[in-house]
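Engineer: Produce the entire structure from the sequences given, and follow the hints as far as they go.
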Amino acid sequence: MSTSFDAMRLSVAAVRGQMADVARDGVSLMQVPDVLPMARMFCAWGLAAALGDLGHLDRLEATTADAYALAETLPETAHLRFGLGVHHIEALRLAGDVTQMTVYATRLHDQALDHPPSLAIAGLLLGMTAAAQGDLSSARRWLRESLAAYEYDTPVTQHSGNWLAIVHGMTGDHAAAREQLHKIQRQGVPWITLWDPMSDLANAWADAAAGQVSSALASVTAAANLLRGADRPAREVWCLQTATQFGDATTADRLRELTRTVQGPRATTAAAHASALAQNDGSALLMASSSYQAFGDKVAAADAAAQAATAFRAAGSRGSALTAAAVATRLAEECGADTPALKSITLHAVLTPRQREIASLVAGGLSNRDIATRLHMSIRSVEGHILRASQRNGVKTRDALAALLAHRSIPESEVE
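Under the working numbering, the first residue of the sequence shown carries the number 64, and numbering increases by one thereafter.
Treat the hints loosely; a few may be bogus.
[Claimed, not checked] Computed Cβ-Cβ distance ranges for the label pairs, DEER-style:
#1 Val78 to Ala389: 40 to 48 Å
#2 Ser441 to Gly292: 31 to 39 Å
#3 Gln248 to Asp294: 23 to 31 Å
Honestly, the hints are just simulated from the structure, not real lab data.
The structure displayed is predicted, hence computed values, not measured ones.
Even for Gly, the Cβ is constructed at its ideal location relative to N, Cα and C.
Structural biologist: The structure is reproduced here in structure tokens:
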């Protein structure tokens with residue numbers, strides 16, 4: 064009986080984010096024959112979460128295969144396969160194994176039948192998988208179904224809600240993203256460390272959709288630092304990849320370090336992406352885009368291609384810039400994505416990060432005073448950035464600059 068209590072304690076340790084402890088003790092506990100089936104399943108939940116967070120993809124499959132088999136042979140553990148699926152599929156997502164995500168998410172959805180809690184989890188799994196693939200329309204649909212499947216607010220609905228906010232942010236719908244975050248706050252479900260950094264990422268994507276890239280970067284950078292301190296490297300990779308997509312050119316060294324411990328294509332691709340961005344290397348950014356496409360992350364692929372277009376344009380390689388922009392545009396249309404990097408390819412000239420952020424806020428309908436307040440700047444400084452951004456892009460007014468970023472037509476009288 065004591066070993067069963069030990070197994071349950073490990074699942075609690077995972078909820079607290081103590082992943083190194085869980086990975087160290089979990090494998091041996093799973094082999095002890097007298098652990099009760101229910102306790103063994105909860106131990107498997109924690110171990111799958113820990114292996115995913117630590118980037119130990121090579122140990123994940125054996126652990127989850129044994130646990131799924133146990134769940135399918137005993138009535139009292141059958142429903143626990145869905146909770147296991149959350150941690151297993153999340154681990155696959157962190158590693159970048161999108162193909163296997165699809166296999167397991169589809170299988171568990173087909174097994175959910177009409178059991179509301181299981182349907183809520185199944186919708187979450189398919190929504191997570193669609194988001195990881197860049198199928199943002201399907202992701203929205205499945206996550207909404209997850210939220211509608213169960214009448215109570217639980218950690219599962221909280222997780223689905225955060226994912227839905229992220230997806231809204233990826234599509235550029237900052238109002239929907241912010242409203243979803245408000246709904247989560249109103250639920251009052253206690254936050255658990257296991258889900259770090261979901262809230263930070265959801266807020267970051269909402270800010271990015273509103274054009275507040277500096278605020279978005281502050282959120283993901285803080286989350287990455289938190290996860291580094293907690294020794295959860297695969298989640299740190301996710302945060303640093305997102306920061307790179309938002310234009311942070313300082314993530315390369317840390318991502319390169321993380322490739323030594325985090326298995327799977329995401330870490331190596333994110334490291335290559337970060338290195339290419341730091342060097343403003345258009346060709347390497349385009350290669351990173353291809354690598355993201357190869358394992359299935361179309362949104363990141365679109366962002367890397369958009370950054371390649373900007374790098375080529377800065378180098379005066381107009382033909383290469385047009386090619387990269389065409390790749391980014393195609394991927395964005397396939398995904399339904401509208402990110403800060405994708406917005407930048409509509410500009411005719413390269414802007415500084417601050418000019419690009421202010422131009423995005425102008426396109427979002429904010430007044431100069433609102434922008435100054437939000438970015439803690441003087442109105443005169445905001446006006447100066449808008450003037451220089453407009454001049455660089457051959458337009459005469461802030462309205463024309465906003466139209467350029469929003470893909471709207473510009474009157475000839477407002478073009479220089």
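Engineer: Looking back at the numbered hints, which does the structure fail to meet, lowest number first?
Structural biologist: Failing hints: none at all.
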